[in-house]
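Student: Residues per chain, in single letters:
Number of protein chains: 2
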Amino acid sequence: MKRASLIAVGNELLSGLTIDTNSAFLGGQLQGLGLEVVSRYTVPDELTAIERALTLASQDADVVLLTGGLGPTDDDLSRQGMAQFLGVELKLKEHLLDTIKGRFEARGLDMPARNRVQACLPEGTEALANECGTAPGVMARRGDAYFFLMPGVPSEMKRMYRSAVEPVLRPWVGSQSIEHRRLKCFGLGESALVEKLGDRMQRGRNPLINCTVTLGVITLHIIGQGRSAAAARERVEDAESQVRALLGDWIYGTGEQTLAEVVAGELQRLGQTLTVAESCTGGLLGKEVTDVPGASTFFNRGWITYSNQAKTEELGVSPDVIDRCGAVSAEVAEAMATAGRRKSKSDYSIAITGVAGPEGGTDSKPVGLVFIAVDSAAGCQVKRCCFAGDRRSIRQRASQTALHALWQKLHFDLPQ
Amino acid sequence: MKRASLIAVGNELLSGLTIDTNSAFLGGQLQGLGLEVVSRYTVPDELTAIERALTLASQDADVVLLTGGLGPTDDDLSRQGMAQFLGVELKLKEHLLDTIKGRFEARGLDMPARNRVQACLPEGTEALANECGTAPGVMARRGDAYFFLMPGVPSEMKRMYRSAVEPVLRPWVGSQSIEHRRLKCFGLGESALVEKLGDRMQRGRNPLINCTVTLGVITLHIIGQGRSAAAARERVEDAESQVRALLGDWIYGTGEQTLAEVVAGELQRLGQTLTVAESCTGGLLGKEVTDVPGASTFFNRGWITYSNQAKTEELGVSPDVIDRCGAVSAEVAEAMATAGRRKSKSDYSIAITGVAGPEGGTDSKPVGLVFIAVDSAAGCQVKRCCFAGDRRSIRQRASQTALHALWQKLHFDLPQ
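First to last, the protein sequences are chains A and B. If you use the numbering used here, the first sequence corresponds to residues 777 to 1192, in order. If you use the numbering used here, the second sequence corresponds to residues 777 to 1192, in order.
I should point out that these hints are in silico values taken from the structure, not numbers from a laboratory. Take the hints with a grain of salt, since some may be wrong.
Given that identical chains are not distinguished, each listed pair holds provided it fits within a single copy or across any two copies.
[As the list claims (entries may be wrong)] In the DSSO-like style, the derived pairs of lysine-lysine whose C-alpha atoms are separated by at most 30 Å in a straight line are:
#	residue 1	residue 2
1	Lys934	Lys960
2	Lys972	Lys869
3	Lys1141	Lys877
4	Lys867	Lys972
Source: prediction; values computed, not measured.
Isolated chain A (complex conformation) (with noise of 0.2 Å):
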């Protein structure tokens, strides 16, 4: 198996001030490809402490991805860093001049001076294409191993990696056969799954399953190996389908699918719309639908009624109803959803109402409570949900919730 060595460039990874997730990514994709990670490199903007890292790198490695230190300023120096590391000279590239040059002209801008820096190569080493910013990327060989330098910004690296990397990478991995799936649940807890999946999660076994949390979105990972790519898919493929007889419809997606993605796919299919009424997410629901390039094609509008006056002016619910039940209350969740539908003479409508905290809370109505109401034209559904942790995370929680809530009821509504 090839190994991989990852190098984190800048003082604020090692002061704390930045939480290091370029590294998880690309280790992430590097297992992917089938190459094994072996070490990791943090090292400060220091001309010395990066040529020695690419030094350990090239010894524990085949290939070596470097992140960090190629902004303009004098604190970037792994350009440097890699022309002495090669025992080459920096040389200014006229066309990456002009490249630079144009994305400032194209903003209206002219190029600051020092930003010329950033058109210097390590001698015999190859720019890679910045899609996103100014500073290029750096590929470099050196015997038979492959050096890539790419910028600390996450948006940037991330998509160099995928137009300018891994093209490279993937034929050179070669017969390295790996199959990796990624299948996204949602609705019940860690341990839980942990629990049903039983000894199928234990390390050192082909296909190796594991699993990642972020906001309730549990990511299976399975990651299967074998001698050609049929091989590893059918491992992959078993164990699949082992998964997803114990998981059923926990499981909402696959890859990298948001939720947000999968419902959008599923009204686009179906030649649906919808619309949003938010009161405590406060424009978040909204954010995740119109986060899908191409929201237009199912999504018109959306209402953020805070007060219960807007919810009463927008969307006409009774003060009645606000005064009887509370602003928070599957009562007015419902008439939020309905009014929302009918306003925007949309398919499908979702609303949210709760008490995001951290004041705002009462006995009855303590903070976290959110009631969720999706309507359609078969009916109106409204879930109330308690949920722990801060603002940030119930406004979280609530809208995914609400997403995979619409998406219970597409199926649900529209059998397949």
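Use these hints to put chain B onto chain A, whose structure you have.
Tutor: Chain B alone, transformed into the frame defined by chain A:
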């Protein structure tokens, strides 16, 4: 300045399943004590890798903090790695065994045999009490250097650091006092900021000034050291006033403040209210505003008018204007903002309309073009912006820029 090095042990940290948050916590804590964190090694659950990391780290630093690999399974090798590094044997400690057995008994359980290994220490080292788990930590000395081994579970590690590690390190680091301030900036690029600050950002200065960037928000860190707290504070305050003189209104806040929090604070202080009317951000701006606890004091509602029809039906934007100028135009942004303010009876109103991509761009209205209108009784200002990046980053920048425009208008309309 005394130097620290960190070691994080665990396959899951390299394969991307787990993001290492422990290291950022420890980095921040150690910097706060006046230690410089100079390196970090992330290694798999392998004896040779752990021993090698201890060797490298001990060459870098006066104190080495290792996390992970103290569990009861065969994969937990940090104790053994430390013993090999020190050239000693592991020895069972009866009093540790009693403590571990006691933890199980308290939960009505027998201690599994494999937990016995957690009662073993390298000869000549000391145990660190674990108040929330079974694995004791380890403290060792070699020469003048300190070594601390702690569990990888973040809650256990943090508790152990605070109760058993910091009390040893604080007096050892000695009289060094550290003062750390953050200034939050928006509206100028990183290189422009660095240019303005010039050599104040050079490494090795006291106070040290460095910066981190997230979605257009630049955090400037000013970190000063002195023999007394007063001396450190004076250094930082001096630097802060120099920086403020150079950056002026580019600085919008301090500490961990977000733009939404600063705007919310101003609105609350002035007794003014806000509404939002969003097209391409689809709820994101409302979400940012209502992320702030107590947002209901200044925010009563908002609109997500994604389609042209929604802009007309909900906010009365004239179809003629949309036809003539396009939905992405200064005219439509202004019409959305003024209607939103009128309908919600708010003092201030923000509207955003733009092309978030990836589809929908044209030559005259490319992806990234966004109009932001801020309306008040004093009039409406519209800003035309061209944002680079992907859909997510265009939407984030649009919402941050809108909050910043409101912040500027609050200062302009109502001079302090």
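Student: With reference to the structure, classify each hint as holding or not holding.
Tutor: A quick look at each hint next to the structure:
{"no.": "1", "hint": "Lys934 / Lys960", "verdict": "both (21 Å within a copy, 26 Å between copies)"}
{"no.": "2", "hint": "Lys972 / Lys869", "verdict": "between (57 Å within a copy, 27 Å between copies)"}
{"no.": "3", "hint": "Lys1141 / Lys877", "verdict": "between (57 Å within a copy, 21 Å between copies)"}
{"no.": "4", "hint": "Lys867 / Lys972", "verdict": "between (58 Å within a copy, 27 Å between copies)"}
Figure legend: structure checked against the earlier numbered hints; every hint is met.
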